[in-house]
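*Asks:* Residue strings, one per chain:
There are 2 protein chains.
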Amino acid sequence: MNKKQLFEQIKNKKSFLCVGLDPVLENIPKHLFKYDNPVLEFNKQIIDATNDLCVAYKPNTAFFESMGLKGWDTLIKTWAHIPKDIFSIADAKRGDIGNTSAMYADAFFNEEKSGMSFDAITVAPYMGEDSVGPFLNHKDKWVILLALTSNAGHSDFQLHQTPEGKVYEEVIRISSKWSSSEQLMFVVGATRGAEFKNIRKLAPDNFLLVPGVGAQGGSLAEVCQHGLNNECGLLVNSGRSIIYASKAEDFAERAREEALKLQQEMEQILSSAHLI
Amino acid sequence: MNKKQLFEQIKNKKSFLCVGLDPVLENIPKHLFKYDNPVLEFNKQIIDATNDLCVAYKPNTAFFESMGLKGWDTLIKTWAHIPKDIFSIADAKRGDIGNTSAMYADAFFNEEKSGMSFDAITVAPYMGEDSVGPFLNHKDKWVILLALTSNAGHSDFQLHQTPEGKVYEEVIRISSKWSSSEQLMFVVGATRGAEFKNIRKLAPDNFLLVPGVGAQGGSLAEVCQHGLNNECGLLVNSGRSIIYASKAEDFAERAREEALKLQQEMEQILSSAHLI
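In order, the protein sequence lines correspond to chains A and B. Using this note's numbering, read the first sequence as starting at 1 and increasing by one per residue. Using this note's numbering, read the second sequence as starting at 1 and increasing by one per residue.
Bound conformation, chain A alone (with noise of 0.2 Å):
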């Protein structure tokens, strides 16, 4: 999907919501059991629930890989079952070099190869240009690329001043001389508001994939205020807070409702913002 479809799917839903698939099977409502596949029951069940109201999944590939190979044959069922014009998003943090990272991009984008064909992959800027750019090689496939984290963790490098800026404003100067934001997003965390205001400077055009509104406490108004551009500009994620919503039978029904309150109020930012 490339950047005009992404901004016309978000007109359309009047949403740029993103829903994060974090299976744990401990919430897993326990009804789902007397499928074979609980976990996948479970996300198709999510799936089809909110994918009116949501632009965006995004299957975090941890949660997937820790039930070993049933696991990654769920997260390949999963991307199977995602709308195909929803846009979805590996969440898998890699990066390597540049040989391997062609695998990873092989991996969440061949489906010949690999079974999946993701819109998206989180990439870990550590590594620099080589290790970015093979999955920039797969026509409109996007690289979200760690910039500002939503973590506590996030201050440990990510802050330190260097000549030129900080670590995560030299990510996003530099990356942004590898790509354009045709296929370039950056990861900034919800927790993270007063900085991006800063970050639009920095990367005007981006998308942001903004993770942590909801369970790890970010705002969506305070994301809105300074990080909407005239493309909306944004994909905010939501998970925990939306999938287990409810851990009983109404699960399905209960994360619509979560994620319906998230769609009414991107709606009206969009709305107040003439976007929509």
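Because the hints were derived from the structure by calculation, they are not lab data. Only true hints are included.
Same chains, same names: a pair is fine if it fits in one copy or spans any two.
Lysine-lysine pairs mimicking DSS-like chemistry, simulated, CA-CA at most 30 Å apart: (1) 113 x 247; (2) 139 x 11; (3) 166 x 201; (4) 30 x 113; (5) 141 x 4.
Chain A is fixed; fit chain B onto it per the hints.
*Replies:* Only chain B this time, still in chain A's reference frame:
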């Protein structure tokens, strides 16, 4: 495996060789395609032919993931074939917020959940302490943190100067507060020979995992000149130059010959340093 046991293995085998398992379908010898899983057969024969000459194996997860579900199955079965007295490294370059890194730790360290229990995993440092901690909660398991990598892109962010030192130096200095040399190693590329002296000042006791000897052009002698410590302190990885020494029926023998050359060089180095 703990540090003392690792050093014992190094002394017994007179080797600090790590064999990188980066299987690419195009490089698998043709005669192996009679097997149901040619890649697994390739890995097994490489392991069988070299395991008295090396102290570690390092499957690179990207190469397995690129082959989809069958690839993940091959990774699990390759791990299972590594003798339990040999240090096993999941070269996965993972790292995410705490609850997610805990899932990655299960994926690679918790056999009951995932089918695999490597001794160590490579981790990207960008997200800081809480992205590394969950791996360290597993007894006798190791984090091998990216410090100064072997690829061209190492200069994009790792060498940025901060008030306290270069970014990679900060990674070593700060992460050394999170754990000891009993569970924390660093990745330092063999192509960074001149920096080893400096790195040993920052990390006198930590093992260093050193990729880049062979196909990437690093020199073993240069690495050892400043990298050795009184417990050896080095795991030197060689991948492609061993496993693809031949792509014909003699591939395992030729892999052994290449591994033997490195082991013999290492034996001389260990002997000159009075470590054996």
